[in-house]
Each structure stands twice: as structure tokens, then as C-alpha cells.
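Undergrad: Residues per chain are reported as follows:
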Amino acid sequence: MILNGLLLLPLLGGLVAWLVGVRHPAGCRWISLVSLGAYFIALMALWADDAGRFTLAADPVWLLQFDHAWIPQIGARYHLALDGISLLLLALNGLLGLLAVATSWQRIQERVGFFHFNLLLVVTAMTGLFLSMDLLLFYCFWEIMLVPLCFLIGIWGHERRKYATFKFFLFTQAGGLLMLVSILGLFFVHGRATGVYTFEYERLLGTASLVPGWAPWLMMGFFMAFAVKLPAFPLHTWLPDAYTEAPTAGSILLAGIVSKAGAYGFLRFLVPLFPRVAESFSTVAMALGVIGILYGTVLAFAQSDLKRLVAYSSISHMGFVLLGVFAWNDLALEGAVVIMIAHGLSTGGLFILVGDLHRRLGTRDLNRMGGLWTLAPKMSRMGLILALASLGLPGLVNFVGEFLVLLGVYKAHQGMAMAAVIGLILALVYSLWMIQRIFTGENREGWRIADYGGRELAIMTVIVACLVGLGMYPRPLLDEAQPSLTHLQSVTTDADLPKSPRARTQEQPLAGHGSAAADFLK
Amino acid sequence: MRAVIVTIGDLYALLPLLVVAATIVVAMLAIAVRRVHLVTAGLTLSGLALAFVSLFVSGRFSGRPVTPLFIMDGFGLSLMGLVILAGLVVALFSFTYLERGVEQKEEHYLMLLMAVLGAMVLTISHHLAGFFLGLELLGVSLYGLIAYQTTRARGVEAGVKYFVLAAMATALVAFGMALIYVDTGVLSLSALNNLARHSGLVTLAGLVLLLSGIGFKLAIVPFHLWSPDVYQGAPTPTTAFIATISKGGVFAFFLRAAIMLDIPHRPCLFTTIAILAVISMFVGNLLALQQRNLKRLLAYSSISHMGYLLMTVLAFQPWATTAAILYLAAYFIAILAAFGVMIALSAPGREAETLDDYQGLYWRRPWLALVLTLSMLSLAGIPLTAGFMGKLILVAGGISSAFWGLIFSLIFSSVIGLYYYLRVIVSMFARLPDKEPEPSVPATMPWPGWIALGCLTILLVWIGVYPSPFLGLFNTLSSLGG
Numbered sequence: 004m005i006l007n008g009l010l011l012l013p014l015l016g017g018l019v020a021w022l023v024g025v026r027h028p029a030g031c032r033w034i035s036l037v038s039l040g041a042y043f044i045a046l047m048a049l050w051a052d053d054a055g056r057f058t059l060a061a062d063p064v065w066l067l068q069f070d071h072a073w074i075p076q077i078g079a080r081y082h083l084a085l086d087g088i089s090l091l092l093l094a095l096n097g098l099l100g101l102l103a104v105a106t107s108w109q110r111i112q113e114r115v116g117f118f119h120f121n122l123l124l125v126v127t128a129m130t131g132l133f134l135s136m137d138l139l140l141f142y143c144f145w146e147i148m149l150v151p152l153c154f155l156i157g158i159w160g161h162e163r164r165k166y167a168t169f170k171f172f173l174f175t176q177a178g179g180l181l182m183l184v185s186i187l188g189l190f191f192v193h194g195r196a197t198g199v200y201t202f203e204y205e206r207l208l209g210t211a212s213l214v215p216g217w218a219p220w221l222m223m224g225f226f227m228a229f230a231v232k233l234p235a236f237p238l239h240t241w242l243p244d245a246y247t248e249a250p251t252a253g254s255i256l257l258a259g260i261v262s263k264a265g266a267y268g269f270l271r272f273l274v275p276l277f278p279r280v281a282e283s284f285s286t287v288a289m290a291l292g293v294i295g296i297l298y299g300t301v302l303a304f305a306q307s308d309l310k311r312l313v314a315y316s317s318i319s320h321m322g323f324v325l326l327g328v329f330a331w332n333d334l335a336l337e338g339a340v341v342i343m344i345a346h347g348l349s350t351g352g353l354f355i356l357v358g359d360l361h362r363r364l365g366t367r368d369l370n371r372m373g374g375l376w377t378l379a380p381k382m383s384r385m386g387l388i389l390a391l392a393s394l395g396l397p398g399l400v401n402f403v404g405e406f407l408v409l410l411g412v413y414k415a416h417q418g419m420a421m422a423a424v425i426g427l428i429l430a431l432v433y434s435l436w437m438i439q440r441i442f443t444g445e446n447r448e449g450w451r452i453a454d455y456g457g458r459e460l461a462i463m464t465v466i467v468a469c470l471v472g473l474g475m476y477p478r479p480l481l482d483e484a485q486p487s488l489t490h491l492q493s494v495t496t497d498a499d500l501p502k503s504p505r506a507r508t509q510e511q512p513l514a515g516h517g518s519a520a521a522d523f524l525k
Numbered sequence: 041m042r043a044v045i046v047t048i049g050d051l052y053a054l055l056p057l058l059v060v061a062a063t064i065v066v067a068m069l070a071i072a073v074r075r076v077h078l079v080t081a082g083l084t085l086s087g088l089a090l091a092f093v094s095l096f097v098s099g100r101f102s103g104r105p106v107t108p109l110f111i112m113d114g115f116g117l118s119l120m121g122l123v124i125l126a127g128l129v130v131a132l133f134s135f136t137y138l139e140r141g142v143e144q145k146e147e148h149y150l151m152l153l154m155a156v157l158g159a160m161v162l163t164i165s166h167h168l169a170g171f172f173l174g175l176e177l178l179g180v181s182l183y184g185l186i187a188y189q190t191t192r193a194r195g196v197e198a199g200v201k202y203f204v205l206a207a208m209a210t211a212l213v214a215f216g217m218a219l220i221y222v223d224t225g226v227l228s229l230s231a232l233n234n235l236a237r238h239s240g241l242v243t244l245a246g247l248v249l250l251l252s253g254i255g256f257k258l259a260i261v262p263f264h265l266w267s268p269d270v271y272q273g274a275p276t277p278t279t280a281f282i283a284t285i286s287k288g289g290v291f292a293f294f295l296r297a298a299i300m301l302d303i304p305h306r307p308c309l310f311t312t313i314a315i316l317a318v319i320s321m322f323v324g325n326l327l328a329l330q331q332r333n334l335k336r337l338l339a340y341s342s343i344s345h346m347g348y349l350l351m352t353v354l355a356f357q358p359w360a361t362t363a364a365i366l367y368l369a370a371y372f373i374a375i376l377a378a379f380g381v382m383i384a385l386s387a388p389g390r391e392a393e394t395l396d397d398y399q400g401l402y403w404r405r406p407w408l409a410l411v412l413t414l415s416m417l418s419l420a421g422i423p424l425t426a427g428f429m430g431k432l433i434l435v436a437g438g439i440s441s442a443f444w445g446l447i448f449s450l451i452f453s454s455v456i457g458l459y460y461y462l463r464v465i466v467s468m469f470a471r472l473p474d475k476e477p478e479p480s481v482p483a484t485m486p487w488p489g490w491i492a493l494g495c496l497t498i499l500l501v502w503i504g505v506y507p508s509p510f511l512g513l514f515n516t517l518s519s520l521g522g
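Line order of the protein sequences matches chains A and B.
The opening position of the first sequence corresponds to residue 4 in my numbering, with each subsequent residue numbered one higher.
The opening position of the second sequence corresponds to residue 41 in my numbering, with each subsequent residue numbered one higher.
Because the hints were derived from the structure by calculation, they are not lab data.
What you are looking at is a predicted structure, and each value in this text was computed from that prediction instead of being measured.
From the three backbone atoms N, C-alpha and C, an ideal C-beta is built for every residue, glycine too.
Fair warning: there could be bad hints in the mix.
Claimed, not checked - List of simulated lysine to any residue pairs, SDA-like, C-alpha gap at most 20 Å:
hint, chain 1, residue 1, chain 2, residue 2
1, A, LYS170, B, LEU326
2, A, LYS165, B, LEU329
3, B, LYS201, B, ALA211
Claimed, not checked - In silico negatives: residues of chain B with every beta carbon more than 12 Å from chain A:
hint, residue
4, VAL79
5, THR190
6, SER230
7, LEU309
One chain only, chain B, in its complex shape:
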């Protein structure tokens, strides 16, 4: 056993993780002293902001492994940045949501920070142990976040459901890791890359088990059954978290592992993932058609988006990482904006989740309706929104790799998908229902929520209209370290 030496440089490189970890401790101590919602939220936000700034410090150490578990590279850093920013937005949304009458507000932020930390760990792991660490940090915090309001029966139900299934997925991952270790004796991806090429059935079985664990977290078909229930049952900020940060972090590791393990040259895994991608695109979009609940609708929509994204996993081309970052950024922005609008209209007791709550929204709350419209258009991939640029790069990359089957699945399933996005938009612009829905929700949202929504909207349009700076940035950051 080699001793692991941590140098000062390593500490600098891990600064974002350390900052978030320190924030958790500080916030916990602050809560122990006195429960003040504003203080805890403020600590969380400044901690995350600081972590984002410290990314620029660790960027100087980009391209080198830090301890055997992690690697600092452009791809990891950019996704970590995305995760942190999304964490900021979710924290802002949580503030709005919790202010509207949740009893215990402060612990939410602790778990949120821990989950963000888990996702951050996932983005830079290049070792299965690191992956497991991140996965559990993320998963365990999520159990708490989902079932946070113990007074809501549906929330508790969702929490239990997620717990049972996620524990199962964790077990699969652990078993898969064990099988791989038995066969090869290593867990680091770079070592596996050399060994696994010549390895036999046991490693393959391990990889497939890993794939199912990852598939569970990403909610790709057929591991998706939890997602609509959990989306619906969880408090809306947590749903936003699951839809974005949790999936983004796991996807980052998946893509890294797929590239390191050279999936495109393993016909068996390649075919499996390609089939999963196609099924996810169609099942996600088809099942969303009949949803009248916006949260469930977005759950199915996420399933199809993960299906589209799987194309990057199969590519092993320079475009894959850039496309993945851009697509994830666009997806994060649109999903967060959608949930932000939902939070603006929701109170913990009564969430605005059915389409009826959005009937005629434009005539009541025009700005919120416009934000939600833009976000739906972006998810549908209409030009001049970020979602279109994401899809464009994805399709362009797919064509350059000659994935014709996947491209046409993407095209046809997105045409199906248009229907339900359009339905949300149409119901917002439909005439007002005869009886006003009971005004259970305060008409105003605290300013932090507005700022978050405003920034998301600006980004949504900016990336859609003039993506060149972002594309340039992501392109330089898309390098994958060794």
C-alpha cells in the first residue's frame, strides 16, 4: 500500500470542495448557536459563491490528478462550476419556498450543501471509490431532502421510495465494483482502461451493474420508475435539485468513465447504451404526453433529455465533452427556470403542480408565464433558446459520428415531445378559468428568487442567440485529463 501524500498544491486544487465542506461546518455551528433562516441561507449562498470563485484557483492546477481519487481537468471544473451555480440557484429558490411556512428551515441547507458536495466529488472522480463516495454523499442527503417535510404524506412516501430504490442501486454499484476489483485488482479508471480491454465476463458483469446504478440515478429507462413519483412528492426545490445537480454530477462521471473505458469500442456495452438511449427518448416523451401534472411531466421530460445526452457517452470524439457541457448547461437553465416559476407560485402546503394551476397564467402573472414559456421552448429545442444550441451541437456531433439511428430517434421523439411542451404553453395563454383558483400563494416572491429567475432567463436567451462566447469557453474547458 503506497502512502498517499497530499501536497499544498493538492489542497489548492481541492479548494472548492474544502470551501463547501467548511461551509457545512460553519452553517451547522451557526444553527447550533441560534436558528436564523436568513443567516443560514446567507452562509450557504456565500459559501457556494466562494466555492465558485475558488474554482479559478484550482483551475491553475488543471490537468493533474489530485490524490488517486480525483483529477482536476477542464471538463471536471466546468461541470463543477455548473453544479455550484445550480446549487446557488436552488438555495435561492429554497429560501423562497421555506419562508412560506416550513417549520424547520435551517437543516435543509446543510443537506443541500452536502448533496452539492457529493455532486462536486462526482464531477472530478476518476476512481470508482471516489465515485462511490460522491454517490453516497449525494444520495444520503437526498433521502433527507425529499422527505424533509414530515407533515406531507406524499413527501415521506417519495422519500421512502427513493431510499429503497437508491439503496438497491447503491448495492448494485458496490457489487459491480467488487466484481471489477476481483477480476482486475484495480478501481482507478485509468488503470482499468488498460486492463479491462482484455478482461472477461466478470468485469463486464461488473460494468453492467455499474451501468444500472448510474442509470438509476439518471433515471434512464428502464431504471426510471421512481422518478415521476419522487419528482411529484419532493418539495419543489428538492425536485429541481434532483433534476439538475444530481443528474449532472452522475452524468459527469458517466461520461468520464465511458471515455476512459473506451465504450465505443466495446460493442456489447455500446449497443446496450444505444438501446437505452433510444428507449429513454421515446418512453420519456410518450409518457409525458398524458401528464396533467407539471412535475411529473418534467420528470418524463428529463428522462428523454438524459436519453439525448447518452449520445455523447457513445461518441468518444472531441465534440462529446463540449456537447455534454453545453447541453447540460442549457438543460440546467431551462429546468431550473421552470421549477423557479413553480416555486414562485407554490407554498409548501399547496404546490402549483397541475396544469390547471397554470391555466391563463399569462393574464395573471405575465412575467412568470413568459419565463416558463421560454423554459418550455428551450426544453423543446426551439431556436433562440439555449436548448436549441444544445440540441444543435448534439445533432451535429451525432451526424459527424454517423449515429443515424440515434439522430432520427432524437428527431422523431422530440417532435412527439413538442406536443406536451406546447400544451403547457397553450394552457398558460388560454383564457382565464371562470372561477379563480384560490389565492393560497402570496402574490409576491422575495427578491432573491426574482434575481435567480431573471439571471436564468437572460442566460437562456443569451446562449440561444449568441452562444459563441459560451461555446468557446466550454470548448477550451472540455479537455479530459488523463
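Pulled out of the complex, with its shape left as it was, chain A reads as follows:
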């Protein structure tokens, strides 16, 4: 029930905020803040409870589960489950949602109610996405998330918002539909082999080994969807437009949490479902990751639009995640999870900074900035810390992730690790170069801007505190992710045979649903 609560909290909060927002804009901001705050606190409580290693659940894998029939005719179930990775990503989701509401406090002044509704709908869809253990349900959340994001970009975005909306929507939809075909492919392969037609993740594990000839094609469907979202190198072209044209809150969500949906998909679905194929495909995928890292950093140099620069740097960071996931060993996976959290925080922070600068200066053009340090010292210090985090300075959480990924990748493929290190060095250069051009040098345009006020400073302080705190003491993060990652790895090693329908510890009567299901689809 807690899991349903996590879904309903932002959804209902969003609906109420929408209705209230028609009359009282301020009221709807508070409602959004309170509902997301409650969401975040609930997750923190779960995390704290879990510190004693899975005291909550009798199940060795899942902290919490909720399983209910959804469309019995085709064997689809409403199955939510929470484990360490989901918990971390949900916490990030809640925190970034809070930051997005806070940073829009004064920035969004028109259609406030609808804005917050869309914002909270994205949070809801992401929650569902990270919890779904039924592939059809997962697909539904995957697609639902698009609609409010498109509204956020299309209504409150910058000049070229329409173009960006269309591009974003079409790319992700195309990927999503290919994934749907693959999901249905797995569904039928499993159904024909075992007589149980189901979309359930745990039952479909190992299905791919039944059809070695088809498995690469089925995997490609998933790969396309996740690679578009992540984004991985050749499929990234929607990203600079979408990230740049979105309003700040939209960029935070897109970069901070939506891109994690792709990473999560690789981690939870692609590799466990297709372990053999993923293994033989790993060199290609890791190469794509490295290309993404280098390509993102090089293009980040070439940007004069600050927001585009951050967007390209984001491609490069997500390249590390791709690299880590496909290296598929303890260190690399832990690193990938840490980078997901770290990138969410640091890039979210950078987008907030860009938004703050844009609001003060009226431009995002780096060539016109300069000399802001003396005018706005607090802002500049925060910006510097964010840039340092983004370049992976030891002591900040990004370093932990990148270091672990590089260690893990080195074990799997030395050449890739070496190439990726070059990306790290280049990241150092463009990050510092960015700070230099914004905050130091000569104030050629004669800017006079206000420094951070209390609200803005509070937002930045939260982000920086998380970055530093988790950077100094990443243990809780690693501990939380560790059991789930171990489980995922064990799944891929003994996945040669399809699992016999597992005896469930709970809800026994429902376990046999699959046999009668899908009778008309055979």
C-alpha cells in the first residue's frame, strides 16, 4: 500500500494544485511543495528503516511489493516492487521535484496550476516507472511521462519550444514503440514455451535464451528505447534542443530524472532479460558510451549557449553510466548507480544556475558574460562547486561514481577505461573554462545583478550539501544499492533456463493466473 501511496501522493497533489491554481497561484505552489515534501520524507523514512538491511521485507529481493491483477485476459499485472536501486532513484525523483517547484516559485507566472500539474505528473510517472515489475505497466509509465514533459517544454519553454517538443516526442515515441514490439515478442516467446502468457519481469527472465536467434532483435527494441532516453551517442540529437528549450524546471526533470529512466532500463531490464546477448553486445555498447563521453565533452566546448553546454556535458556523463552498466561487474554497477544520483544533483543544480543567470541577464550567451564574481559572490561560489562536482573533483559524489566506473571498466576492458579517462580530463577543462567565462574576467557588458536571495541560496545549499555529504561518505548510497545489484548479477549468471513459475510467498491464489490468460491470443 505504501507503494500505491507513493504513486497517488504526487498525482493527487498535482490534481489539487491544478484546481487550486486557477484561483490561487501561491496556494498551488504550496500544495505541490507539501505533497512532494511528504513523498520525499516517506522515502527517507523507508531508507532509514532499511539501514538495518532489509528488515522491512521477508522477501530477499524486494523491500516492498504490491501485486494485483490488471488485465487478466492478457496476463498483465499491476505489480509494483521496491528495491534499493528504485528507492535511491525515487528519492532523487522527489528531491528534484521539490527543487523544480522551488526554482519555479517566481519564474513561472502564467498558467501556474497547469504547470504544477504537469510537473507532478512527471514525478508520478517516474515513480511508476521505477516501481513497475510488469513490462506492460512499465511501458505505460514510460509513455505517459512524455505527455506532461511535452506540455512543460511546449508551453513554458523558450523560443524554439515547438521544434524541441516535436523532436523529443517523436524520438522517444519511436524508441518506445520498438520496445513495445520487443515486450510483446518476449510475451509470446514465453507464452508459447511455457504456456504461461505473462508480462511479469521475474517470469520473463531467461526467456531470451529460448530463442537465441531472435534474442538480439528483441534486445535491440529495448536498446533503442533506453538509448534514446539516456541518451546514447547516435540517438542523442533531440537532447540539446529539448534540454535547452525547456523551462528550468523541465530541464531539471529531463536531465535529472528522465534520463535515469534509460539508465534504469539498461540496468533492470535490458541486461537481466538478455544476459547472453548483452554480453556479446557489450563492446559495442561500451564503445558507444565512450564515444558519448568524448563527443559530449568536445561539443560542450563548442557551445556559446550556456544551457546547451550543460546539455552536452550531460551526454558525456550519461556515457559513463552506459559504460558502467555494460561492464557489468560490482564496481562498475555501483559506480553507475552513484553517477545516476550524482549527475541528477549536479546537472539539476547547473540548470538551476543557468536559469538564475538567464533571469538576471536575459541571455544565456557565454560571450556576453564575465566578471560576475564580484557582483554575486554567493552565486559564483555555488556555481564553482557545481562545476567542480561536474568535472569529478575528489570529495564530491560525482568523483566516487566515475572512479568506481573506471575501476570496473578497467577490469572488463582496459582500452575503454583509458579512452574514458580522456573524457574526464576534457571535462575538467570545459567546466573550468565555463566558470572562468561566466564569473571571472572583465565585466564587458557592465552587468549589474543581484546576488542570491534566501530562497535561491537555500536551493543551492541543499544540492551542494548532498553533493559534498555523499561525496565524503557515500556508504549509505552504496549499501542501499549493493544487495539489488548483487541480485541483478546473480540473475544474469544463472539465467540459462527459464524459471519455472516461482512459488510466490504471497498472494498464492493469483499465481496461476497466467495459464488461463491470453487464451484468445494464442
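Given chain A, work out where chain B should sit, using these hints.
TA: The following block gives chain B in isolation, referenced to the frame of chain A:
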């Protein structure tokens, strides 16, 4: 010649048809006594409602032939139910539309009822004569409905266009039937099933002519040329009728005939229909891209949806009928909702049909904009709308029959299609144009229209979120009688 004996049971089984036919007579007499719009509309609505209720009576006779022309089975009954419900919704919309200044209001309902009757006949015919009967009842009433407002030049033009082309299609169908009869000596589908398997070129030619007639009514490529003009020219309630009931009825017969005649095992026809399906998907979606007129856009969108639906015709699998019913239901709901919104914003003199009329609609009429958004999302097949469930079952069925070419055509053409659905949505949520469009349309819609729209919206989301009861119902109803 065997005498046809009609038993009491047959009459019960045909009750929905009889109720609608009786309603036509009663409504006509009522008009003769005194012209009152409300009374005629009320009679129409109650007649249709009664017909829907009487479906449950005829459901008891399900699974048996009624006269040589018709057969009562789950598939026919469920599609007939859909047709009647859609007829109700169209009648409600017509009331709103006609109230806004059409001179002669009452005859519209007579023709509407007759067209509904024609579509109902189509859903249960398993005999080519029955098919022809239904087709003509539907077609002839539609000529009148399309050109209903003689003051609108475009309406008359569309009426004439439809008349000429539909008459041509009818001629093709009649000729095709004649060829089949010459070769085999029978017209009933079940008899044809046995004979046609061994028959020669003449029957095949007849079948192809029939296919072109059906293709015309469904507006699949290359028989689609009339559809954008007629969609645009016809009064909006009639357009909604053409897009839903007319196509649904004809499709019901098509699917039944395809299954009875075992199309999947006739490579020649199979390939032809598969090619038509693929072309329809792509042509429909590609031509819709540049449309700035919502009615024309929906015309092309319908073409592509019929292309998707043709997959069920090719399947000859148990899933086909269920998928067809679910898909048609989802399509009906979404299309009717879209036209309902259009009617709410239109007056007979000036229809809200260009995308400019919808610019910033959300900020003026939020509820209408939300309904139209949901309907576009459903037509595009986004999850949590009925359209997604329809498409899911369709794609799932296609994969189980290994129609890979058709599946990927569906996928890629729907990605193209997303663009124009999204464009409608984006323009509704765009900022208001600087100059307000002239408020030629009353800001309020009579409550019947709101009720219809509300029900459609609820169904749209309900089927999308929790389709299990509907799927169960359609699955039990999907049986095809002998």
C-alpha cells in the same frame, strides 16, 4: 425456391432492427402532425435506446441464422451495439448542431435513423444480398445527410461527390455479386465458403470488385479520394457518422466475409489486402501531416486507422474479432469525442475546422480542450487511453500471427502520425492569438451534448486504464456464428 418461414423467434432476434424501423415510422408521423425539434430528437433517442435494450432480447437467440440473410452472433450483436450507441451520440450531437440555426431540423433524424438501420443490417448480414441491402440503406441516407443544408455550397458539392462515387462503388459491388452468382450460383457466405475454394477466375474477379466497393466505403487507399472532401463538406454530425458508424458497419461485414471466405488461405486476396493495408497506413498518415483543417486531418487519420484494422481481416485467428471490436470501440469513442468538441465550437454557418480555430483553446475552453487532447492521444495510441489498448491488442495479435511487415508498417506510420496529433494538441495549448477569433458560436452547449462528451471521455480513460471488463465482454462476444 424455398419459402422462407419467419418464426416468432426470428422476430425476437430481429427486434433491434424492427425497433429502429418502427421509430422511423413513428418519427415521420410525428413530423407530419407537427414539427417540434425536441419531440423528433426525443423520439429518435428513445428509439435508439430501446433498440439497444432489445439487443439483450436478441442476445438470447445468439448463434443462429435468422432468415437466410442474417445471422445473430456475438460479433454481430456487439458491433450492432456499438453502432446503436454511436448513433445515440451522433443524434445528441446533431441536436446541438441543428439547434444553432438549421432551417429544417426534423428530417435529419429520419435519415440518421435509416442510415443507422443500414449499418445495423450490415453487422449481421452473412449473405451478399443482405450486404447490398444494408449498403444501400446506409448509402442513400448518407447522400441526403451530407447535402442536408442546401444553402451551403460546399455541403452540396460534397453530397454530389459522394453520390457519384458511391453510386459507382455500388455498381461495382452489384457487378461483383453478379459475377460470383454466375460462377457459383449462391450468394450466402457460408455456401460460398465451400464453393469458392475451388472456383475460378470469375469468382475471384467478383470478389475483387466486392473488395473495391468495400474499400470505397472504408476509404482505404486507393479508394479514399472522396473522404477528405466529404468530411470537410458534410455537416459535422454527419462527418462523425461517416467516420464511425458507416465505416464500422461495413467493416463488420468485411471481417465476417473475410473469415467466412477464408481470405488468409487465398494468397492472391491476402497479398492484395495486405498491400492495401500498408499503403493506407502510410498514405493516411503522410497526407495528414500538412493538413491545417481538422476535419480533413481526421479524414486522413481515419484512412490510416482503417489500414491498421485491416490486419484483423488477414488474421483468421481467434484474436481477430476481439481485436476488431475493441479497436473499433476505441476508434469510435475517440473520433466521436473529437467531432463532439468540434460541434461544441461550431455553428452551421461557421464550423470550427481549421487549426487556427483551436489556437489557444485550452485557455478559453479548458474542458473542451482536454477532451480533444485525450481524443488525439487516444487516436495516436498513447497509454492510458482506449486507443492504446486497441493498438496493443492489434499489435499483439499481429505478432502472434507473425505479420512482421504489417507490424513494422504500423509502428513507423504511427510515429509519423504522432506528429499531426501532437500538432493539434500543441496548437490548443499554444498562447492565445493576438486577435480573438470572432465569437460566432454560443459559449454554451446544451446539456445533452455535454453528457455525450462526458460519457465518451470517461469511457476513453476507463478502457485505457482498466480495460479488463471490456476485454472480457468483447472476448465472450467475439464468437462468429456459422
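Undergrad: Classify the label on B:VAL79 as holds or violated, using whether its beta-carbon is more than 12 Å from each beta-carbon of chain A.
TA: 40 Å, holds
Undergrad: What's the verdict on B:LYS201 and B:ALA211, does the C-alpha distance respect the 20 Å limit or exceed it?
TA: 15 Å, holds
Undergrad: Confirm or reject: B:THR190 is not an interface residue toward chain A, with every Cβ-Cβ distance exceeding 12 Å.
TA: 41 Å, holds
Undergrad: At 12 Å, judged by beta carbons, does B:LEU309 keep clear of chain A as stated?
TA: The claim stands: B:LEU309 keeps its Cβ more than 12 Å from every Cβ of chain A (closest is about 25 Å).
Undergrad: Need the status of pair A:LYS170, B:LEU326: alpha-carbon distance at most 20 Å?
TA: At roughly 17 Å apart (the allowed maximum being 20 Å), B:LEU326 and A:LYS170 satisfy the hint.
Undergrad: Grab the minimum beta-carbon distance between B:SER230 and chain A and tell me whether it stays above 12 Å.
TA: 23 Å, holds
Undergrad: Compare the distance between the alpha carbons of A:LYS165 and B:LEU329 with 20 Å, and conclude whether the hinted pair is satisfied.
TA: 15 Å, holds
Every hint, counting from the list given before, is met by this structure.
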